[in-house]
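Chain A is fixed; fit chain B onto it per the hints.
Chains as they are written, first to last, in our numbering: chain A, 1 to 685; chain B, 686 to 827.
It is possible that part of the hints are untrue.
Stated by the list, open to error - Short, incomplete list of chain A residues facing chain B, as computed with Cβ under 8 Å:
id : residue
1  : Ile382
2  : Phe388
3  : Ser597
4  : Arg627
Note that these hints are calculated values from the structure, not bench results. Ideal Cβ placement from N, Cα and C applies to all residues, glycine included.
The chain contents come next:
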Amino acid sequence: MTFLGTFALWTALLVGLWGAVVAFSGRWQWQPVLERSVTRSVYAVWFAVAVAAFALFRGLYAHDFNIEYVWAYTARNLPDVFIATAFWAGQKGSLLLWALVLTLFASLAQFLTPRRYAPLLPYVAGVTQAVAVFFIAVMLLAANPFERLPFTPLDGRGLNPQLQNPGMIIHPPLLYLGYISFTIPFAFAVAALLSRRLDTGWIFAIRKWSLVSWLFLSAGITVGMWWAYVELGWGGYWAWDPVENASLLPWLTMTAFLHSVMIQEKRGMLKRWNLTLVVATFLLTIFGTFLTRSGVIASVHSFTQSPVGWYFLGFLVIAGIFAYTLLHTRWPELAPEAELQSMLSREAAFLFNNLLLVGIAFSVLWGTMFPIISELVKGTKITVGPPFFNRVNVPLGLLLLALTGIGPLIAWRRASRANLRRQFTVPLAVGLLTFAASLVAGIRELYPLVTVTLAGFVGAAIVQEFGRGVRARMRMYGDSITTALARLVGRNRRRYGGYIVHVGILCYCVAFAGMAFRTDLEATLKPGDSISLASPFGHTWTFTHTGVSQYKDANRYVSAAALRLGREGKDMGLMTAEKRQHFTLEDGVEMKSFEASTEVGLRSDLREDVYVVFEGVVNGTEEAKYRFTINPLVWWVWFGGIVLVIGGLITMWPGGGGPVAPNRKVAATVAQPASAQPLEALRDA
Amino acid sequence: MKAGTRFLIGAGVIVAAVAWLMVQGVRETGVFYLTPTELATKVASDSTFYDLGIKVGGAKVVPGSVVRNEVSRQIDFQMSDGQQMYPVSYRGLVPDTFTDASDIEVIVEGHLGRDGVFHATEVLAKCGSRYEAAAEEEARRV
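So here's chain A without its partners, still in its complex pose:
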């Protein structure tokens, strides 16, 4: 199997190299045979990488511990489901997964892209092949997953228990899918630049891809937050750790792009900016990989120093120079077709939205890199942590939240006084009412107060948009309210899907504000002892320690502490919190593997989470050490994630929707997909 795997990787490398070289040589323009060869090489590389992936899976499932990777990440007593996790648990396997997904996406891009964009495809193939060649080369040179050991161990080292969690099965692949799929928009951008087809064609060709990418990344980040919350036991879901920041950076620039691209479609502005955002996002995905794998920044997550990181830095520099040169030489051809007409316009709102998103991205990058920057400039390492990121990003984030409400309400080009009055009266009034209500409810802290007020404003703005659309349909077509709503969303998927995404974002923001009110308490309790903790919602939780039980499970020993929960004297049931010690068998003897891990006790409802960490017992007795935390509104993060994914899926759903109708002549070689949308006309009326 290892021979098959290595052989498949070499084949993929050579075929990929062929594809990239021929594509960039440009020779295919005169020889159709070469053109076919370039596009077909994409499928061939995918097939070869899939064979390699199959070989690794075989090795993992067969417990072939002679393969170093199998030994390092699995053990005989590892449950079968987690063998899949082991595939990407380590550096080498994750590179293989990366290559597999990249080549799959590259093939799909060749296969699914409509014929009218065909002239771009050989260039796209060239870029995706070049990136694939890089990943395969890194594997073959520095991290071959098929490396064998000089002897065959009886059992493997096992999988880190923190990764033995369902969230961990899907979190890394989701992030990878988000990262990797953005290679396709990047490839189209480069294709447009290389071929000088700089009209809106490439923008239309990548619309779905950039949404797919954004959606996977959003979902991946959210699942990662959930994993950190339930598995790491420190009580929160976001710590501004460099690894987390590395995933947030491309998300921010991608979000900026998804907004600014609408201005290019509609008004022919921001061409340079959009290309720059696409390039920057791609580079940030590579940068994130470099950051987390090289160990240049100390993080709780990334501790191993590995030479692979430096390959990524090299790739980053080359890709950066290449993209910069391309942009620079095409700069004059990217002049805007229109100018900003008024500050009171949707264009202006979008511009500020972009500026804020990029500003946030820059400050996150700066804070993450500050130890390196300060060492270079001042000679001393200075680090900044969560206080820095919160201080800078909370005000910027709130401004952005306000724009989430303003953007969809304000007219394109130039908003008239009448437009402003008609659109803003109700949302502003609702915002003020929310403000008053929060004051009455006793919220006095500035940022949570502003967040809730803005949430009221933005929420009302979205409801008003839906309400107007539904009413117009009911009037025009005599639809019932539900049919009107379904058709409204179905016929304008991009617009209303986008609004639903905004609702998801609102949920996140409110949940983040809730974390300002978290309270916690540490205590050591004997069986029968009770302790109370006041919730920010005014009631009191009581925790009664009932005892500790110890038992053995498939691959671990578990100490479980049991508690009885009470709220205001009312019994709320039992809860357990665990400490687990995993083991592997060596010659029939159980050996501790990894450190003990924590399994939190969690009781979640719409208002608050009761989060209990069992830290261990005192000197072998049943006296238990606990940390109790009340985390308000956490549920809304996960709910917001679901809403966001639903909204995103609606936006992406094939057919219907269509692009923002351009109200200018598109000087495009590419035909505009025709979509009859009676409501488009109503939108800005």
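Positioned in the frame of chain A, the structure of chain B alone reads:
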């Protein structure tokens, strides 16, 4: 005034605000990141480094030095980078990775008291080569 110019002014305001927030943020929340040896050099030359918020990295727990008081949650241990050793005093929760074994790297945040004891407010731990795999998976998360 043209809208473009107005936008540039608005953009300038935002950029300035971001820059100001960042500068203030670094000034007020930034902490020195030093190894024990660097910390010793700093305090020797400049006594203001006592009682200043500092993060110490590149140090390992001295095996066998960990003293835990289970009831008060007090944890005392020694950290060293091979040249300079500091006793650390900490009260609270430590991560699962913090043990008395050899090769446990720690990052400790807090301040160095004039008594020569590092008073930690936060202790992060990672394991060295023995469990490299464990740390490696983490790095793979992105």
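Cross-check of the supplied hints:
Satisfaction of the interface hint for Ile382/A is found here, the shortest Cβ-Cβ separation to chain B being roughly 5 Å, below the 8 Å cut-off. The criterion of a C-beta within 8 Å of any C-beta in chain B is met by Phe388/A, whose closest approach is roughly 4 Å, and the hint holds. Given hint, Ser597/A at the interface with chain B, holds; its Cβ is 6 Å from that chain's nearest Cβ, closer than 8 Å. The criterion of a C-beta within 8 Å of any C-beta in chain B is met by Arg627/A, whose closest approach is roughly 6 Å, and the hint holds.
Every hint from the earlier list agrees with this structure, and none is contradicted.
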